[in-house]
Structure formats: C-alpha cells, structure tokens
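Chains A and B, in that order, are what the protein sequence lines are.
First residue of the first sequence? That's 1 in full-length UniProt numbering, and the numbers climb one at a time after it.
First residue of the second sequence? That's 1 in full-length UniProt numbering, and the numbers climb one at a time after it.
Treat the hints with caution; some may be incorrect.
No distinction is drawn between identical chains; accordingly, a pair holds when it is met within one copy or between any pair of copies.
In silico lysine to aspartate or glutamate, EDC-like type, Cα no more than 16 Å apart, as pairs [unchecked claim]:
{"#": "1", "residue 1": "K85", "residue 2": "E97"}
{"#": "2", "residue 1": "K94", "residue 2": "D84"}
{"#": "3", "residue 1": "K179", "residue 2": "D401"}
No lab work stands behind these hints: they were computed from the structure.
Protein chains: 2
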Amino acid sequence: MAVQTAADTTTLDLGPASALSCRECGERFELGPIFACASCFGPLEVAYDLPTEGPEELRKRIEAGPNNIWRYAPLLPVPADVADKPSLNPGFTKLVEAGNLARELGVTGSLYIKDDSGNPTHSFKDRVVAIAVEAARAFGFTTLSCSSTGNLAGAVGAAAARAGFRSCVFIPHDLEQGKVVMAAVYGGDLVGIEGNYDDVNRFCSELIGDPLGEGWGFVNVNLRPYYGEGSKTLAYEICEQLGWRLPDQIVIPIASGSQLTKIDKGFQELIKLGLVEDRPYKIFGAQAEGCSPVSAAFKAGHEVVRPVKPNTIAKSLAIGNPADGPYVLDIVRRTGGAVEDVDDEQNVAAIKLLARTEGIFAETAGGVTVGVTRKLIESGALDPTLTTVVLNTGDGLKTLDAVAPTTGPAATIRPSLDAFRAAGLAI
Amino acid sequence: MAVQTAADTTTLDLGPASALSCRECGERFELGPIFACASCFGPLEVAYDLPTEGPEELRKRIEAGPNNIWRYAPLLPVPADVADKPSLNPGFTKLVEAGNLARELGVTGSLYIKDDSGNPTHSFKDRVVAIAVEAARAFGFTTLSCSSTGNLAGAVGAAAARAGFRSCVFIPHDLEQGKVVMAAVYGGDLVGIEGNYDDVNRFCSELIGDPLGEGWGFVNVNLRPYYGEGSKTLAYEICEQLGWRLPDQIVIPIASGSQLTKIDKGFQELIKLGLVEDRPYKIFGAQAEGCSPVSAAFKAGHEVVRPVKPNTIAKSLAIGNPADGPYVLDIVRRTGGAVEDVDDEQNVAAIKLLARTEGIFAETAGGVTVGVTRKLIESGALDPTLTTVVLNTGDGLKTLDAVAPTTGPAATIRPSLDAFRAAGLAI
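Only chain A is shown next, with the shape it has when bound in the complex (with noise of 0.2 Å):
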C-alpha cells in the first residue's frame, strides 16, 4: 500500500504512538496513512509505548491538562505539544447524574448519561476528527476529506477551517438542507455525489488510489487508525468522572462498531497503566431495529455479522456492513454484556423520555442507547442497582423530523385569560 504522503515518517512526532499493528494477524507496520494489513488485509490499528511513570503522577498530569480531549495527549497518537496547536479541542463533556431518568427505569443503583452533543458541532464526531487532523498534520497532507451523511461533514468541515486545512467532503446528493448547510457553512468544498452512501464511499475509495487525491487525507479511510483512537478520550473522561473508577455497565451505540470497541481499548488501557482498580464491566451495545446486524448476530449467537438494508430514522447508526461488527460480538461477549436493538416508536419515547427527565434533547442515536437501556432493564440483562452510563453521541435538533410529527403546543388559544382557563392547563 503506497504512503501517499511528502513527509519523511523518520521523523514523525505521533507522541506516544509506536507502529500501526494488524487486528488479525498482529503485524506491526511504520506510522503512516495506511488502514489495512499488507499480509492479510485485516484493520490496522495504533500500537502504543504507554507513559511508565505511576499512576498517581500520571493522574496527576492528566487532571492539571486542558478541559478537552487533549488532557489525554500521553495516552493518544499526537505530539506532546498538541493543546497549543489550533484545534476546536472537543470533548471533556459533561457526565450527567440522571436522577429523574433512573428513577422512571428502575434504576437504584448511579445512572449517567455522557452527553456528547456538547462538542463543538455537536456530536462524537468532533472527538475523532481531531485526532485525525494532527495525523493528517504530521503526514503533510493539505486537504481533509470524508464520506459522510451529516455528522462527520460537518466536524471536517468545522476543524478543518478552524486548523488551516482545506477541506473537500462528499455526501449523497439528496440530504436534507440542514445536513447541507452545516456541512457547506465552513467554507470548504462539499460535493453532492448522485448516488446513495454506498456510491460515495466507493467514489471516495477509487479517489484515493487516483493522483487526483494525492496529498488527501480522508479522515475514514487512510487516516481511520488515527481517526478511531478519538473514541478512546469517552472511555478515559468517564472514568475521571466517575473518580477514576470504571462503570459497572456502559451503553453504547453500533454504527460501525468502532466507537464501542475503542471504548474497551480506553478501559483496558487505564487499567494496564493502574490508573483505575482492575474490577469488571459489561459492555453493552445498541442498534435500532431497522439496521440491527449486530444485534442480530448476538442473538443468533454467530461470530459473523450478516449484512442489512437499513431502514431506520436513526439515520446516524444506519451502516448496514459494520466494518467491527465480529470485534463488538467479541467484547460484548467477553464483558458478560448484550446488544440489544429497539425499533423507531421506542427510539421517539426514548427521545422524549430523556428530554423529559433530564433536559437533554439527544438526536436519534442517544434515542437508540437510552431505548435499549429500557429494553435491558426490563429483560433483566442490565443490573439496575449497578453504576451504569449510557452515551449519547448527538444533537436533537440535527434529527428534528424524529420528533416533529408528534412535538408540538398543547393548545394554541386567543391571547385571554378565559381562553387559557378554557384550555385547561393551569393547575
């Protein structure tokens, strides 16, 4: 696979990332813009020389860091100089204490939403984007692109202004204007591909084997290594949050299973260095219904994912061929936790049920996690007198056509006081 990229990786500053290693095999290969294994074509993935001081300074230096994802720059693939270097430095979002949810669920136990909409456009997104600018940064690349139906347009975009890249992203034609206009508003080059996402992604793969793309670094494909680690920092902030301690069980959502997979990467780290007590957690995975082949699998009890058609409002989760689906039927598994699916009706009550109880308008995939912690409450799998944090990845009023059919006034009346008695709301 050739390293399309100017900068002589001799001299790469990565911070404590050693070598990209295979997955599958377990191949080690030089730091560079690569994603798939030479020998076997399995995932690569970032292979660390971990911080050897003790626990307690390393706390230390994390907890006196900036309030963002880079307090965690000894534990990630980017130069030890990274908090001064322009970025919209996402993440360290707030943990909520979801008192009024738990006690709707049942839960008797702590229940914690990690709220991520509060990055900086608004979704988990903004977390690996960051990360992959400051690879794109040490390889040479100029240009930051992607694949995307909304979320990850928009991060691009967003860092790339604010870091000094040009950006050039691609999304199907047909998005609705909301998804447009963020993804454009940044000032980079968005590109309506006629096709459906399938069509993009594979535009985009022939792209970077074209001169074309020389000097491109699509945050996806030959920056995903890099990109993928983003999702350690949820694993590391929750733990701080919670006291350096790890969460009896944690809900997460299954686009394409990276995010749930390098949330147990996060966990074992922090284990290894000694940064949190080695003591069990199950992990917990949530698809809806309408895209759920992950969910299927583990109820099926197979070790290969069957590929779907999605069909799901949670449009945010909707890869119907998740690239770590084996890898999460693993980790579920070895964790004594469950995937659990819940169709488009529960995805809304979940929606509004969480806006309700805490204030927080998740888009359609915080409806999928908070729906499916329902589901796992009722049938017994999640323990509800245990700690448990369920995340949510997004924004409500990016899915606003979600809730909009069955959100609105109570009453609409003349602007009298007999008119608002008559309409029987003031108790």
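Put chain B on the given structure of chain A with help from the hints.
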C-alpha cells in the same frame, strides 16, 4: 406589588444577595419575586454582601469549583450549595483565541470569541434561566414560565425538566417548526398564542396578576432581577479565562440591553473585589440594522431610545423597545465604546466568515457581533492592537434559514473521477 409566594422570605437563602434595589431611585426592597420599584416603577436589581476574603483566597475558591457557572456562586443570588441541586449546569464555555479571524480582520492584538453555543441548549439563555430556577425554588414556585420567540422557550423547558418544575411556556403561534419542537420536546406545556410577541407579552403580564398564575415564576418578568444576574457570569468567565484580566475591548449584542449592563456590572464587581486589576475597558454594543434603536440613539447623541418595529433576520435580537437601552448608552459612553449595527447581508457574511476562519457556526446574533466588530475596526472605533473579546450567544443550527439560501454544494456530480476532474475542485 403583591408577593405571589407561599415561602417565608425571612428564611430565604439566596447566598450573598441581600436585597433588591431600584436602579432609578435606589430604594431597597426585601428579596422577593418583584421586579419594579413600588415608588418610581424603575427596574429592580440584586444588591449583594460580597465576599470579604482577600482576592487570593477568593480566586482559589472559584478555581476549585465546578466547570460551570456555579464556581461563581459567592457572587450570585444562589445558595452556597447550589452545585448540588439538579441543574443543567451551564457556563464555562470556551473562550476561543481566534487567530485566523484576527488575520482576516487586520487585528494584530489578541482576538477571542466567547462561544456560548456550547451551553446545554446552545444559547446564553441557559445562564440566566439557571439563576431564575434557583430564585423560583427559594420563593416556592412550582411552575416556570416565560414569553419567548425561541431560545428562551427551549432553555426554560429544559431547565424545568431537569430541576423538577412544571413548565408552561408561551410563544407566538406561527414560529418556525424547529423552535416549536425545541420548546415542546422537554415535555412541559407549550402554548401558542394567536398574535405576535407583543401580544404574548401582554398576555403574560395579565396572567401574573391573576389567580391562574399563582405559584408561577415567569423567568423574564417576576424573576427578572435574578434572571438578569446570570449574564454576569460571562464577565467572570472571560476575565478568569484571560488569566484574571479585563479585556481591553468587548463587543456585546443588544436585545433588551440587559446582557450588556450585567457584563459591565460583573467587571465592576471583579475590580471591587481585587480579582482583576482596575484598568480601562471599552464596551461596544452590536445591533441589527433592522432593529437598531440603541445604535440610532448612540449615533444621534440621544439619552433616550426611540422604539422601532423590528425587521431583521437576527430574531433573537429583535426587541424594538429595549428596556435597558438608556443604561446601555450610559455604559458605552462611560467606557469610551460605541454602538454599531450591520444589515442582514453583512450579518450573513459575518456568520460565514466566523465559520470559515474558526469553525464556529454562530446564530444570527453572532453574525451581528462579528459583523459589527469588522465595521468598528474599519471605522477606527475599535483598536486592532489591543485584546478584544467578541460574544457569540447562540448556535447556527437554530437559524439555518439565514445562511441556507447561499450555502450549499460547490458541485453535484456523478460518482466518477472524470466527473470530479471536470468539476475543477481538485487542486
């Protein structure tokens, strides 16, 4: 003025707040849900017994507090244990050093954007509502209410849900669907009023005086003195984030004018407490040309503000008769600042400029402050060699219509390299 509450005000705990005092005649009143002086009808504001500890100790106490507005509890009308109560915990939003924007505007000093789109419901309204909620709690109110055209309705709905209040919010019946959904999704009662915003306001004033509204806290009416204090936290955060230093210049949007007056109040308190060095600062006000009564009065050298009928895309600033207009004029003149306005076209250009340079997608109120900053630099009123802070008080996702007509794909093509080459974007 009747105090509509069951709570015994002699046991009130609103922290350092000691009384309400009339901004016009100085008469003092007991803390309560009142908003106008019984003698002269002037607006009431909160008076304090400020902390007596030295600046070093106070700074340390603040810095050890939570990453939200409650770190400033010693300077706000809230009990000392406020951080333990259920709240959306807004504030401590990013102060972004805007180097790219500075270069475009010819600023050679330091230019910062205080980006309040990072608040829980993505506008600065979360700050003021959070304080109003604590006042409502203290006064024994059980329902939170307001009149609103958008941002405030969402902020009240969300805060009420989280804090365990019923909410009943009034809006004009013909608002955009997005704002209606955001106002209704948190599960409170949303009531559409057949009429415009003025009709909604008049209706709310009637309701406050009627038994129907008993036990109701209208955040921007009978809780307004407390509500307004939330804007002081912008002043505190900016100074702390600058390293406990006043900015030389600050550009603030003007709707009612309350935010600008409270930021000045916050700066004055920090000086008085010795938390920052007492040195000159200039406050600049920003309006939209289609609703610029304060800008017009400033330019004409008037001391009173002549009401206008708003006609601007900056709907969150569209208050034609700003209550705090005269106080804004006083402050701007006292500090050596100015008030300026931009038209809709300049507003949209400024939204895009900020997005393109810093990856921040502002609502139309942010377009107004950035556009006015540009104009003030061009006119020489704002010194480009000094430290300047520009406020962005809301999120572009809420005012998509402003930029949508001129923001879209650079090209729409078939999924082929030839088509991409022909589009001329691959540079």
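How the hints compare with the structure:
In this assembly of identical chains, K85 and E97 lie within 16 Å of each other by CA distance solely across copies; the values are 11 Å between and 33 Å within a copy. Taking CA atoms no more than 16 Å apart as the test, K94 paired with D84 passes between copies only; the shortest distance there is 15 Å, against 23 Å inside one copy. For the homomeric pair K179 and D401, the shortest alpha-carbon distances inside one copy (12 Å) and between copies (12 Å) are both at most 16 Å.
The structure meets every hint from the earlier list without exception.
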